[in-house]
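Visitor: Here is how the chains run, residue by residue.
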Amino acid sequence: MFHWLEKRPFFFAVAVFVVISFAGLIEILPNFAQASQPLVGTKPYSTLELAGRHVYIKNDCNGCHSQLIRPFKAETDRYGHYSLSGEYAYDRPFLWGSKRTGPDLMRVGNYRTTDWHENHMKDPVGVVPGSIMPAYPWMFKNTADIDTAYAEQITVNKVFKTPYNQEIPMADGSKATVKLAATLDEAHADALEEAKAIAADMKDQDVKDAVAAGQIPEIVALIAYMNSMK
Amino acid sequence: MENRPLEYDYTVAKWFMLTTVVLGIVGMLVGVILAWEMAFPAVNTFAGSGLAEYTNFSRLRPLHTDAVIFGFTLSGIWATWYYIGQRVLKVSMAESKFLMFMGKLHFGLYLLVVVAVVVSLLLGISTGKEYAEFEWPIDIAVVVVWVIWGMSIFGLIGIRREKSLYISIWYYIATFLGIAMLYLFNNMEIPTYFASGGIGAWYHSVSMYSGTNDALVQWWYGHNAVAFGFTVPIVAMIYYFLPKESGQAVYSYKLSLLAFWGLMFVYLWAGGHHLIYSTVPDWMQTMGSVFSVVLILPSWGSAINMLLTMKGEWQQVAASPLIKFMVLASTFYMFSTLEGPIQAIKSVNALAHFTDWIVGHVHDGVLGWVAFMIMAALFHMAPRVFKREIYSKSLMNTQFWIQTLGVVLYFTSMWIAGITQGMMWRAHDEFGNLAYSFIDTVAVLHPYFTIRAVGGTLYLVGMFLFAFNMYKTMTSARRVEESELQNASPMGA
Chain R
1 MFHWLEKRPF FFAVAVFVVI SFAGLIEILP NFAQASQPLV GTKPYSTLEL AGRHVYIKND
61 CNGCHSQLIR PFKAETDRYG HYSLSGEYAY DRPFLWGSKR TGPDLMRVGN YRTTDWHENH
121 MKDPVGVVPG SIMPAYPWMF KNTADIDTAY AEQITVNKVF KTPYNQEIPM ADGSKATVKL
181 AATLDEAHAD ALEEAKAIAA DMKDQDVKDA VAAGQIPEIV ALIAYMNSMK
Chain Y
1001 MENRPLEYDY TVAKWFMLTT VVLGIVGMLV GVILAWEMAF PAVNTFAGSG LAEYTNFSRL
1061 RPLHTDAVIF GFTLSGIWAT WYYIGQRVLK VSMAESKFLM FMGKLHFGLY LLVVVAVVVS
1121 LLLGISTGKE YAEFEWPIDI AVVVVWVIWG MSIFGLIGIR REKSLYISIW YYIATFLGIA
1181 MLYLFNNMEI PTYFASGGIG AWYHSVSMYS GTNDALVQWW YGHNAVAFGF TVPIVAMIYY
1241 FLPKESGQAV YSYKLSLLAF WGLMFVYLWA GGHHLIYSTV PDWMQTMGSV FSVVLILPSW
1301 GSAINMLLTM KGEWQQVAAS PLIKFMVLAS TFYMFSTLEG PIQAIKSVNA LAHFTDWIVG
1361 HVHDGVLGWV AFMIMAALFH MAPRVFKREI YSKSLMNTQF WIQTLGVVLY FTSMWIAGIT
1421 QGMMWRAHDE FGNLAYSFID TVAVLHPYFT IRAVGGTLYL VGMFLFAFNM YKTMTSARRV
1481 EESELQNASP MGA
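Chains as they are written, first to last, in the working numbering: chain R, 1 to 230; chain Y, 1001 to 1493.
Calculated from the structure, these hints are not laboratory results.
Mixed in with the good hints there might be a few duds.
[As the list claims (entries may be wrong)] Listed below are the simulated BS3-like cross-link pairs for lysine-lysine, each with C-alpha atoms no more than 27 Å apart in a straight line: (1) R/Lys122 - R/Lys196; (2) Y/Lys1393 - Y/Lys1324; (3) R/Lys208 - R/Lys141; (4) Y/Lys1163 - R/Lys7; (5) Y/Lys1324 - Y/Lys1097; (6) Y/Lys1346 - Y/Lys1244; (7) R/Lys99 - Y/Lys1346; (8) Y/Lys1472 - R/Lys7; (9) Y/Lys1244 - Y/Lys1387; (10) Y/Lys1472 - Y/Lys1244; (11) Y/Lys1097 - R/Lys7; (12) R/Lys175 - R/Lys208; (13) R/Lys73 - Y/Lys1097; (14) R/Lys7 - Y/Lys1324; (15) Y/Lys1014 - Y/Lys1254; (16) R/Lys230 - R/Lys99; (17) Y/Lys1346 - Y/Lys1014; (18) Y/Lys1393 - Y/Lys1472; (19) R/Lys141 - R/Lys158; (20) Y/Lys1387 - R/Lys7; (21) R/Lys141 - R/Lys175.
[What the hints assert, rightly or not] Per label pair, the in silico range of CB-to-CB distance: (22) Y/Phe1185 - R/Lys230: 28 to 34 Å; (23) R/Lys230 - Y/Thr1011: 56 to 62 Å; (24) R/Leu84 - Y/Lys1346: 37 to 43 Å; (25) R/Asp204 - Y/Val1444: 41 to 47 Å; (26) Y/Thr1450 - R/Ala200: 42 to 48 Å; (27) R/Asn110 - Y/Trp1401: 23 to 29 Å.
Here the structure is a predicted model, which is why all the values come from computation and not from measurement.
All C-beta atoms in this analysis are idealised placements derived from N, C-alpha and C, irrespective of residue type, glycine included.
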């Protein structure tokens, strides 16, 4: 049979394809619909948070920081409750990472503050002596891309039915709603409101001035995202 | 009818040989910079604080991985394809104007993609998925390049004189199909600019999969990009070049059959070992773990088949640096494919995952196996392609030992670093509190990061020796006759 195949490139290629497709069909497909169900209390990202998530990806933070807490005592002691599948339902892409050069950030919003992040992103060693993380001064100068974040919100709402402008059940029985702005201008205005609340807790005068002038520096968006990670 | 051997046309092979060398140096240079940045964070601003955004670890890291995978390795795969393909199918590229044109187009488009990738990664334009960072416009270009390569493979096969496909061809076909399937499914994404009616960055996209599903598809891709980029085509190379260079027949046809079909079936299952103790269902994690261990069989099948091909001819290892490169590559392949399954065992993975041990594993595979084999392939091809002997045998030997030392320093330091960090993360004191803060587990790694950077630097020095040797071979080494090119490659002192 193999000698026969080796003289017939077409059937050879078909045979290879069948053999290599097997695993994907059996491992990936069956679980597909089920694994993307959100947990009670899991909300989609606001425009500013999503813009911050883009800053996170742009600077490959996931190259050194995981967002996946494994079910071991050492990990739950250090980072909080272990990760559950539904918590990632609105993460496109997932950002679990594959290397912990720095600590896990899955629930960093529970134990770090705006003020801490501001100091740390400017001068990591000043906050954590011995840290090998580089400083990110450009995040205080570059402007966050609210337009693209808004475009992504529209896309996921339209294509994947991500529940914006809908009541979402919270763990304590209450309801929450994440707004999807009707227009780009409104999205900017909403993001700016959120940014102002964060800038109020910051010290950097350039950032405060920028937000007062209606600009949102990348660092503000990033901190909004960090604070949302709980 | 005139009865003389076929004149193969190596134009496209030569071009890809050039990009193999250049992108190899670029990718590894960036890697060395990253290694020094981890050992001494001040290196992050080596080009001044104004350019720090483009020289710090986080921007350069995807550039390093992608330059080595899609630059160096892929160029090496294509350089060898445009060489081996003609020879084992007994047909010349020059016989078909169409295939010649497609080959040149293949190279040209590939160069454009390389430029687009470098620029976009430096700007931080990324989908955020490892080894699949390219945004949709580049993905489309990649698919076009891939289809052109497919046309070259099946076009050349279509006009072949030798009816039976040699083992290497099996592996090239598998590379083509495997990567095509993986790349397409993992990069399913929706451009937000069009979906939102023209808002935001035109190149931005959002993944079709979310959370756990995205992770599953990504590691099915990520793991098997290793399979079909770093294993399958490299096995294609060794099956051709080792028998050719040594003048020995492949040890066992049956073993090569078993290893090929075994590898095809088993490899894809093993992706789940990247997701052990994550939120993917337990049975998938177990499948990933079990199949990783089974994977030792087909992997060692190929490696042992290659080592036994040298049976009775081991003196060649001492005599020829080219054989040394290939035998060491094969040995590192065995080593790496034993280490991987060990790391995939659940209890070992609990310790090793997220640590530098994984980084060490990748590098003993890529530096010891993939890069050694690709360089050996280029060394063997050079005299046949340029009709000159290899410029310097002693330079080859020097390169071999410098790089071997580099790899050994690399993986040993990363073993210690990874296991140390993994143990420290989980250590508790007698009251059940964590024994170390995270920063303690970083500070302790400094000496190992430094050793790793030294190892990487040695390897890079070897790359420069390689480039120099190739350049001299191309331009000024002694010219050789066809009769000198039967088996062992001619080498100058």
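Visitor: Which hints, by number, does the structure contradict?
Guide: Hints 5, 6, 8, 12, 13, 14, 15, 17, 19, 20, 21, 24, 25, 27 are the ones this structure does not satisfy, whereas the remaining hints hold.
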